[in-house]
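J.: Listed below, chain by chain, are the residues.
Protein chains: 2
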Amino acid sequence: MSYGPQHISKQFDDELENVRGKVLEMGGLVEQQLNNALRSLIESETDLAELVIETEVQVNTYEVTIDQECTKILARRQPAASDLRLVMAITKTITDLERVGDEAEKVARMAIELTEKHGPKAYYIGINAMGNLVSNMLHDALDAFARMDSKQAVAVAGKEPESDDQYSAILRQLVTYMMEDARNISGTLDAMWTARALERIGDHARNICENIIYLVEGKDVRHFSIEQMEDILAGR
Amino acid sequence: MSYGPQHISKQFDDELENVRGKVLEMGGLVEQQLNNALRSLIESETDLAELVIETEVQVNTYEVTIDQECTKILARRQPAASDLRLVMAITKTITDLERVGDEAEKVARMAIELTEKHGPKAYYIGINAMGNLVSNMLHDALDAFARMDSKQAVAVAGKEPESDDQYSAILRQLVTYMMEDARNISGTLDAMWTARALERIGDHARNICENIIYLVEGKDVRHFSIEQMEDILAGR
Numbered sequence: 376m377s378y379g380p381q382h383i384s385k386q387f388d389d390e391l392e393n394v395r396g397k398v399l400e401m402g403g404l405v406e407q408q409l410n411n412a413l414r415s416l417i418e419s420e421t422d423l424a425e426l427v428i429e430t431e432v433q434v435n436t437y438e439v440t441i442d443q444e445c446t447k448i449l450a451r452r453q454p455a456a457s458d459l460r461l462v463m464a465i466t467k468t469i470t471d472l473e474r475v476g477d478e479a480e481k482v483a484r485m486a487i488e489l490t491e492k493h494g495p496k497a498y499y500i501g502i503n504a505m506g507n508l509v510s511n512m513l514h515d516a517l518d519a520f521a522r523m524d525s526k527q528a529v530a531v532a533g534k535e536p537e538s539d540d541q542y543s544a545i546l547r548q549l550v551t552y553m554m555e556d557a558r559n560i561s562g563t564l565d566a567m568w569t570a571r572a573l574e575r576i577g578d579h580a581r582n583i584c585e586n587i588i589y590l591v592e593g594k595d596v597r598h599f600s601i602e603q604m605e606d607i608l609a610g611r
Numbered sequence: 376m377s378y379g380p381q382h383i384s385k386q387f388d389d390e391l392e393n394v395r396g397k398v399l400e401m402g403g404l405v406e407q408q409l410n411n412a413l414r415s416l417i418e419s420e421t422d423l424a425e426l427v428i429e430t431e432v433q434v435n436t437y438e439v440t441i442d443q444e445c446t447k448i449l450a451r452r453q454p455a456a457s458d459l460r461l462v463m464a465i466t467k468t469i470t471d472l473e474r475v476g477d478e479a480e481k482v483a484r485m486a487i488e489l490t491e492k493h494g495p496k497a498y499y500i501g502i503n504a505m506g507n508l509v510s511n512m513l514h515d516a517l518d519a520f521a522r523m524d525s526k527q528a529v530a531v532a533g534k535e536p537e538s539d540d541q542y543s544a545i546l547r548q549l550v551t552y553m554m555e556d557a558r559n560i561s562g563t564l565d566a567m568w569t570a571r572a573l574e575r576i577g578d579h580a581r582n583i584c585e586n587i588i589y590l591v592e593g594k595d596v597r598h599f600s601i602e603q604m605e606d607i608l609a610g611r
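Protein sequences, first through last, are from chains A and B.
The opening position of the first sequence corresponds to residue 376 in my numbering, with each subsequent residue numbered one higher.
The opening position of the second sequence corresponds to residue 376 in my numbering, with each subsequent residue numbered one higher.
Treat the hints with care, since some could be wrong.
It does not matter which identical chain is used: a pair holds within one copy or between any two.
DSS-like cross-link-like pairs, simulated, lysine-lysine; straight-line CA separation at most 25 Å [stated by the list, open to error]:
1) Lys594 to Lys467
2) Lys526 to Lys397
3) Lys385 to Lys481
4) Lys534 to Lys481
5) Lys534 to Lys385
6) Lys496 to Lys481
What the hints contain is simulated information worked out from the structure, not anything from laboratory work.
If we strip away everything but chain A, and leave its shape as in the complex, we get:
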């Protein structure tokens, strides 16, 4: 099954293209929020963290606006087939993007906490690596959405176990800091919440990829293994 416009109304095409464009704008904003939150954490830039917190409301506005436009399209255009899947995939994707925005805000808040506590920089090595990984996952998921590329979507979803492994390794390392010195506990917990937020972002990037596969291949692959997803793309 391939994605492509099957309708003849130019105006309908424009409406779909417009809402798809807004999803990409929202995705770009959320990606920027995540990257700013990570930079504020690693570089102890609390001003940047404050900016992330202030900008969160813009992410929410995108979610509500795009959802409204999707409902309007459903009511007025009564889309079918791939158009309907596009609208449904968008309503799900923006929920995931909004939650990535929430998690980025949590990372920004932790950046402020951790900067105030002057926690050991050693906390951040694993978190920095994991932050880069999930940031790339999000970027590539959005890129796959822009290009309707289900193959790339499967590849990105396949990186989630790596992010889970990094998360487990960070937790183990942080627990040893806690055990070494009770004075590390508070800062270490903040670092743990940060890692947890990044792990959630990895999950949302995977969800977005599942939406893309649904959109392009017409098959709901939530709760599927990566191998099962690959089978679908290969038509097995």
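We have chain A; now place chain B onto it with these hints.
T.: Okay, now just chain B, sitting in the frame of chain A:
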């Protein structure tokens, strides 16, 4: 604005009623998952925890099935007005229910971990109270969905700050256990992850309530304060 069938096709009525019924079944299952997970935690019943983990797949199946039926209704019936809002509210609600199921599974896994570690029962006092609160929130949210009761939905959403306060209190208490004795750290962290899962469930219960308000009142109240929601119900 009031919710009510505005279409004349008996079969369409039946389809909507059928999918609504499935959401309530799914909700009942998820509620049971949460309550079993909490009981397994408090009573150290690892068999019950195993049951929760095994049953998670049923929750996922409900999500995928209901989503398929919603897409079918959109494609075949081209619903408008309150029917369209019902379908859209359902697709969002089942995402929240599925995630509540995920969090219940996490609680069950923590119950197994904590039982094996023979952690102090003192961990559970706050968690038990918070578990009861969010379980009631979920129950009342599902009840509000069944009765299309936006007033009750606002009341349930209004309990989220209470669950956040309980969560903060639990975390503070658990940090003191950690500081007292490094041997408590591992068990305490499990208790923290459990509290975090419960906090997420409170968030999802609130999301479900927001979907109900959208459905009944025709207004998207995500990111609204409780006062703003009350204004909408009062027609202000």
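J.: Look at each hint and say if it fits the structure.
T.: Results for each hint:
1. For the homomeric pair Lys594 and Lys467, the shortest alpha-carbon distances inside one copy (15 Å) and between copies (19 Å) are both at most 25 Å.
2. With identical chains, the CA atoms of Lys526 and Lys397 are at most 25 Å apart within one copy only, with a shortest distance of 23 Å there and 33 Å across copies.
3. Taking CA atoms no more than 25 Å apart as the test, Lys385 paired with Lys481 passes in neither setting, with 42 Å inside one copy and 48 Å between copies.
4. Taking the shortest Cα distances, Lys534 and Lys481 sit within 25 Å of each other both inside one copy (23 Å) and across copies (22 Å).
5. For the identical chains of this complex, Lys534 and Lys385 are neighbours neither inside a copy (38 Å) nor across copies (47 Å), given an alpha-carbon limit of 25 Å.
6. In the homo-oligomer, the alpha carbons of Lys496 and Lys481 lie at most 25 Å apart inside one protomer (19 Å), although the nearest pairing across protomers, at 30 Å, exceeds that limit.
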